[in-house]
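Peer 1: So you can see what is in the structure, the chains are spelled out below.
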Amino acid sequence: MAHDQSDLLQGTLELMILKTLSIEPMHGWGITQRIQQTSRDVFQVNQGSLYPALQRLTSRGLIRAEWRTTENNRRARYYIVTRAGQQDLARERAQWERASAAVNWVLAWDGRTA
Amino acid sequence: MSRVSKWYWAARERLRTVFFRNRAETEMDEELRFHLEMEAEKLVRAEGLPPLEARRRAGIAFGGVERFKEDVREARGLDWLATTRLDFVLGLRMLAKYPALTLVGGLGMAVGIAVSVGFFAFVGMHINATLPLDEGDRIVALENRDVEINNEERRSIHDFVAWRRELRSVEQLGAFRNVGRNLVTGNGLPEPVVVAEMTAAGFRVARVAPLLGRYLVEEDERSSAPAVLVIGYDVWQRRFNADSNIVGREVRFGRTIHTIVGVMPKGFEFPQNHQYWVPLRVDPTAYARRKGPGIFIFGRLTPGVTMEEAQAELAAIGRRTASAFPETHAQIRPMVMPYVHSLTDVQGISQWQVISMQFMMTIVLIVVALNVAVLVYARTAMRQGEIAVRTALGASRRRIVAQLFVEALVLAMLAAALGLAIAHVGIRLGNRILEMEMGTPFWARYGLRLETVLFTIGVAVLAAVIVGVLPALQATGRRVQADLRQLGGGTGLRLGKTWTTLIVAQVAIAAAALPMAVNEGWNQIRHDMTRPTYAMEEYLAGAVRPESAMELTLGADSLAPTSRFGLGMTELLRRLESEPEVVGASYEANLPDRSGPVEVEGVPAPLDSPSGHRVISQGVGPRYLELYEARIVAGRGFGPADMDTASTSVIVNQAFVRQVAGGGNALGRRVRYAPSGADTVGVSERRWYEIVGVVENLETNEMDPTLVRPRLYYPVGASQAAEVWLTVRVRAPAAPADFAPRLRALAMSVDPDLRLGMTYSADYFERQSQLAVRLVALILGLILLSVFLLSAAGVYALTSVTVTRRRREIGIRSALGAHPRQVLLGVFGGVARQIGLGLAVGLVAAALIVVGTGETMGGRARVLIPAFGVVMSVVALLGALGPARRGLKIQPTEALRSEG
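Top line first, the protein sequences correspond to chains R and C. When we follow my numbering, the leftmost residue of the first sequence carries the number 1, and every step to the right adds one. When we follow my numbering, the leftmost residue of the second sequence carries the number 1001, and every step to the right adds one.
Okay, chain R solo, but in the shape it has when bound (with noise of 0.2 angstroms):
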């Protein structure tokens, strides 16, 4: 619980969702663990958020959601991307490595150039 949605930008959320997504189909617990995973334990994003983003990205078409059978068995609500998501989720990404570029760029200087 370090890192909750008050950390996380709603926007940088359903970013991570989508790009998880984009790999392959899965179910909300599948995307808390991935996103912890693949963040190195940087980020464990809080159910009461991963909730209301996903039904956020469905209710706007980038992801759709649809029952499946996970391979122990059970029954679990996977999401896919649509098509339109992938190309949100081109658009967003290259907004995204622009903006932080920026930021580290800011970070990162010393004071003499510019």
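Errors might be hidden in some of the hints.
[Stated by the list, open to error] Straight-line Cα separation of at most 30 angstroms, BS3-like style, residue types lysine-lysine; simulated pairs:
{"#": "1", "chain 1": "R", "residue 1": "LYS19", "chain 2": "C", "residue 2": "LYS1042"}
{"#": "2", "chain 1": "C", "residue 1": "LYS1069", "chain 2": "C", "residue 2": "LYS1006"}
{"#": "3", "chain 1": "C", "residue 1": "LYS1069", "chain 2": "C", "residue 2": "LYS1497"}
{"#": "4", "chain 1": "C", "residue 1": "LYS1291", "chain 2": "C", "residue 2": "LYS1266"}
{"#": "5", "chain 1": "R", "residue 1": "LYS19", "chain 2": "C", "residue 2": "LYS1069"}
{"#": "6", "chain 1": "C", "residue 1": "LYS1006", "chain 2": "C", "residue 2": "LYS1042"}
{"#": "7", "chain 1": "C", "residue 1": "LYS1497", "chain 2": "R", "residue 2": "LYS19"}
{"#": "8", "chain 1": "C", "residue 1": "LYS1097", "chain 2": "C", "residue 2": "LYS1497"}
{"#": "9", "chain 1": "C", "residue 1": "LYS1889", "chain 2": "C", "residue 2": "LYS1097"}
Simulated from the structure, these hints should not be mistaken for laboratory data.
With the hints as your guide, set chain C onto chain R.
Peer 2: Just chain C now, kept in the frame of chain R:
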């Protein structure tokens, strides 16, 4: 392509959440369960926890489940539909749970809504109505207005001719007037009908083609042209059996033969509600300016011209006419207006006036709604705990306000339905009164219209905002957090100063206004108790007028009396009295110069009517008093010699003797009519009349004999009258209505031009007026009742909140051994002082109004005002009773424990 995919999946999701709400909820639960299970399994694997403990830990980590669900629902967006549905169900439950508030608030709002909606619907029917004709909104009426007497001047044939020649902004200028005719077809009984004498242009203005034959054309208007007639569809069906060869057939109006030249299609009743049209022959040379028959003038605005432009042009013509003919037209201002305004007599009314009147009518509702808001606020105070719990479970303030709004909306909608029903009854009555004058106009749509329903919903929402949102905003304000701590004690909310002031002000207003309202109602009822002394159900009555063929022989002013009519009436009375079924017959006929207050020689005029005594003057025919078996108690009755223009004899009733002549001897006293403002006859020329007899009262009032009105009867010979109100007493057991056809045939046989209008049994009017009185009493009663109930409920709310707020104090005092009465006095002391203050202010205001206006309510003010003080105190006591009993039942231990 991606946009389509986005749209498709988004829409699919929305539809799922709206139409398969239950499934969406189940799936959400299932998804949540899956998540918790996976989390627990992970804890078992990673930390070796027993499954039960793992589940508990997973649950704690997850946090508030309800809040989570609420967040997901909110993320769905459209979910408000589902929540609103739930709120509606809750609102219905609240209605049943608080029946007193439902009844009082609902009834009060229903009355307020009825007033507002009734006015709206009435305006829509009669003021804002457009004609159901092609481009009906371009059809306008034109009329002269006499600014001196602030009334229309319809005797405007000269102006009509001038406007038709000069006016460019209004085309196809036409005119009509209503005339009564005796329609005679074949050998049947004559039927009294209203005929439109209309210029040919009228049919072109309406733009409706005839069904058969032709409509009127300009040539028909020439005085030498043969008499022609166009009939309506209904008459063609009913009276002429839809005869397809009707064109060319002849019918008679009185003695004049007309040829039918056309039939108009179904629904055509232009210009008002007509079924017969004959040409209007406009001959300005026959009359002087502002003389001759009154006409209605109409036309179509020329394409591209606005009403304002037409008005400007007409005003310019009017100014020229006024300077050319100052003696007749100096005070005349011609006006153009929507067609309907001229016919419903609401000339010159602006849209702004209508809107501001509508606002005034809605104020009643706003005041009532504010009252109900106080009650709802008090109820919300009781539900503070519930609101706090919901807030803790994650409901936002907006969500709670929305819920309280929907609850209020449910109540307001019920009130709106009831209000609409009340308004409907009122409108029906209003229309009936209007129709007595002008019949049902063809543009009237009396059914429930969409606009009215929408407006009703609108005012219901307005009421719900006041009733629901205002208290909700206050109740969900700052203190909600604090209240969570006080849960169970329920002591958090207090009725703010504003609400308290409102309740106290309301009690004051009720105390001030109710005595007057009751006095008014009481007067109505007492007047209602005045009854005729004779058996009304034995009398048949109807107006008899000369057929206008008779009028025309007299030229100029068509209303001048005619001796042929007089001869006819005398003969009709003679024949009637020889009928075996008839006991007697006579008539009433009023002469224009015999009305208004009278001066009585030797008796000073009353203080409240300095111009003279208010009496009812009634012109009567031969043997009129005998017809009603009215006994002469002093002097003599009218003899044949009195039925002459030179007669100065009058007879008064006993009420006149008692109320006007001061109970003394009235015989031989002289009376004359006070000069009226418009009268040009000098004071010295006013005639004196001599009281030659005193007759029994023809009406009684057992409740209050002084309500029998003083009457003065004067003789009117048939040849003096322009029209008479004929009354025939039918010998029992025959019913008056059965004699009506015989009466019609007799009139016809005497003279086909003697036109008998609709006939009525004499008690018809009595029933009609009683109905109206009863309705007024009902509406007054409803308003009184709602004021009463709202006052009582306001006091109830005030005391109730006080008790709830001071439970702890009551508990402690009881625990310390205080006597219940003492406790109550302590608790209610403040409330009693406030209510007492309100009552005192109200009663003083009522007394001041009585002193200021001098309206002593017939001396009853001294009794009524204090009586209302007592009644309102009792209402206040009743309002406080329930909460007081609740206060006494508080167990000290419980009150203290719940606070712990």
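Peer 1: Could you run down the list of hints and mark each one as holding or not?
Peer 2: Structure-based check of each hint:
| no. | hint | verdict |
| --- | --- | --- |
| 1 | LYS19/R <-> LYS1042/C | 24 angstroms, holds |
| 2 | LYS1069/C <-> LYS1006/C | 25 angstroms, holds |
| 3 | LYS1069/C <-> LYS1497/C | 39 angstroms, violated |
| 4 | LYS1291/C <-> LYS1266/C | 36 angstroms, violated |
| 5 | LYS19/R <-> LYS1069/C | 25 angstroms, holds |
| 6 | LYS1006/C <-> LYS1042/C | 35 angstroms, violated |
| 7 | LYS1497/C <-> LYS19/R | 58 angstroms, violated |
| 8 | LYS1097/C <-> LYS1497/C | 28 angstroms, holds |
| 9 | LYS1889/C <-> LYS1097/C | 21 angstroms, holds |
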